[in-house]
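Protein chains: 2
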Amino acid sequence: MTKKTMLLLTLGLIFLNGQANAENNTVPPAPNGIELPQHYKNWRLIGVSHRSDNNSLRAILGNPVAIEAARKGNTNPWPDGSILAKLVWADSKHPLWEPATVPAALKHAEFMIKDSNKYRSTSGWGFARWLGMEQKPYGSDASFSTECHSCHGKAKNTDYVFTRPAELP
Amino acid sequence: MTKKTMLLLTLGLIFLNGQANAENNTVPPAPNGIELPQHYKNWRLIGVSHRSDNNSLRAILGNPVAIEAARKGNTNPWPDGSILAKLVWADSKHPLWEPATVPAALKHAEFMIKDSNKYRSTSGWGFARWLGMEQKPYGSDASFSTECHSCHGKAKNTDYVFTRPAELP
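These protein sequences, in sequence, are chains A and B.
Throughout the first sequence, residue numbering follows this note's numbering, covering 161 to 329 in sequence.
Throughout the second sequence, residue numbering follows this note's numbering, covering 161 to 329 in sequence.
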């Protein structure tokens, strides 16, 4: 079997496995109808950050479309189909190494989904967030995403995305 | 095809694909003979941290054995076969959001490989580090790992590992 055949079969089986699991999702959708992306905990790394204005540590992961774009430097604009996941933890001091800030409780997982047609009114991105370990949808109605879109306007020159993919060998 | 069969086939093909790529590795081994683990950039997330004593941001990733252990809370001790990867970047301020610290240049990628027999003299862990984007092996001879092991002695009660897996839903 060639390397390419194996890779294609692998991707196909990952897709089928994802489909088989989709029916197990019991987390409610966001008020704008966006469903929690499946398997986001298994996505690959795009970057990390630490915010001192709200004392949180973040990991930014991407679905396969986003990872391919990030690793090729093809992120302005990000291609349709990209999904960025940001996992946000309250920060705390490491008990054995005081100058190290490490994750405490999970605050939320939030997502940006690129579809330049479907999400035209919010610059091509669908926004959604689920709070805490119970994954409670954020926002009381569909208008919550204007809050996300408004703040991300600051990053208009990088396709409304604050994250710049971290350097990797 | 059942979900379990698909998952097993997927894992098998990922393994074969890894084997096919192994011959492409051109990065020199560490002075203690440890080879750079293949595909570590595609490993899944265990945690993140920010150190103010050396101004660096970190992502901690794990190979499949380590991820299974982390997600089951089975990390004291970590099982043989676990590999932890720590990617370390110099930190910088986000140009659009001053209180956000984000990755600048890659400083190094470092690894802990659990094999309680092979690495008995360093508490069951093999240590290795490669510097920068050029992935230059760290250390002038095999004794460099006594430096790693000595510092990790502080974390003896958590199997010599500082990282505690971040909370995930």
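Please note: incorrect hints may appear among the correct ones.
Said to hold, decoys possible - Partial list, computed: chain B residues near chain A (C-beta under 7 Å): (1) I194; (2) H199; (3) K201; (4) L217; (5) L328.
To be verified - Derived pair list, reagent style DSBU-like, types lysine-lysine, alpha-carbon separation capped at 30 Å: (6) A:K316 with B:K296; (7) B:K246 with A:K232; (8) B:K201 with A:K316; (9) B:K253 with A:K246; (10) A:K253 with B:K246; (11) B:K246 with A:K246; (12) A:K201 with B:K246; (13) B:K316 with A:K253; (14) B:K296 with B:K316; (15) B:K316 with A:K296; (16) A:K201 with A:K246; (17) B:K296 with A:K232; (18) B:K201 with A:K246; (19) A:K278 with B:K296; (20) B:K253 with B:K201; (21) A:K232 with B:K253; (22) A:K246 with B:K278; (23) B:K296 with A:K314; (24) A:K314 with B:K316; (25) A:K316 with B:K253; (26) A:K253 with B:K278; (27) A:K296 with B:K296; (28) A:K232 with B:K201.
None of these hints come from the bench; they were simulated from the model.
C-beta: ideal position from N, C-alpha, C; glycine also.
Structure-based check of each hint:
no.	hint	in the structure
1	I194	16 Å, violated
2	H199	10 Å, violated
3	K201	5 Å, holds
4	L217	5 Å, holds
5	L328	5 Å, holds
6	A:K316 with B:K296	37 Å, violated
7	B:K246 with A:K232	22 Å, holds
8	B:K201 with A:K316	28 Å, holds
9	B:K253 with A:K246	18 Å, holds
10	A:K253 with B:K246	18 Å, holds
11	B:K246 with A:K246	19 Å, holds
12	A:K201 with B:K246	18 Å, holds
13	B:K316 with A:K253	18 Å, holds
14	B:K296 with B:K316	29 Å, holds
15	B:K316 with A:K296	37 Å, violated
16	A:K201 with A:K246	10 Å, holds
17	B:K296 with A:K232	23 Å, holds
18	B:K201 with A:K246	18 Å, holds
19	A:K278 with B:K296	46 Å, violated
20	B:K253 with B:K201	24 Å, holds
21	A:K232 with B:K253	24 Å, holds
22	A:K246 with B:K278	38 Å, violated
23	B:K296 with A:K314	38 Å, violated
24	A:K314 with B:K316	45 Å, violated
25	A:K316 with B:K253	18 Å, holds
26	A:K253 with B:K278	33 Å, violated
27	A:K296 with B:K296	45 Å, violated
28	A:K232 with B:K201	14 Å, holds
This entry does not satisfy hints 1, 2, 6, 15, 19, 22, 23, 24, 26 and 27, going by the numbered hints stated previously.
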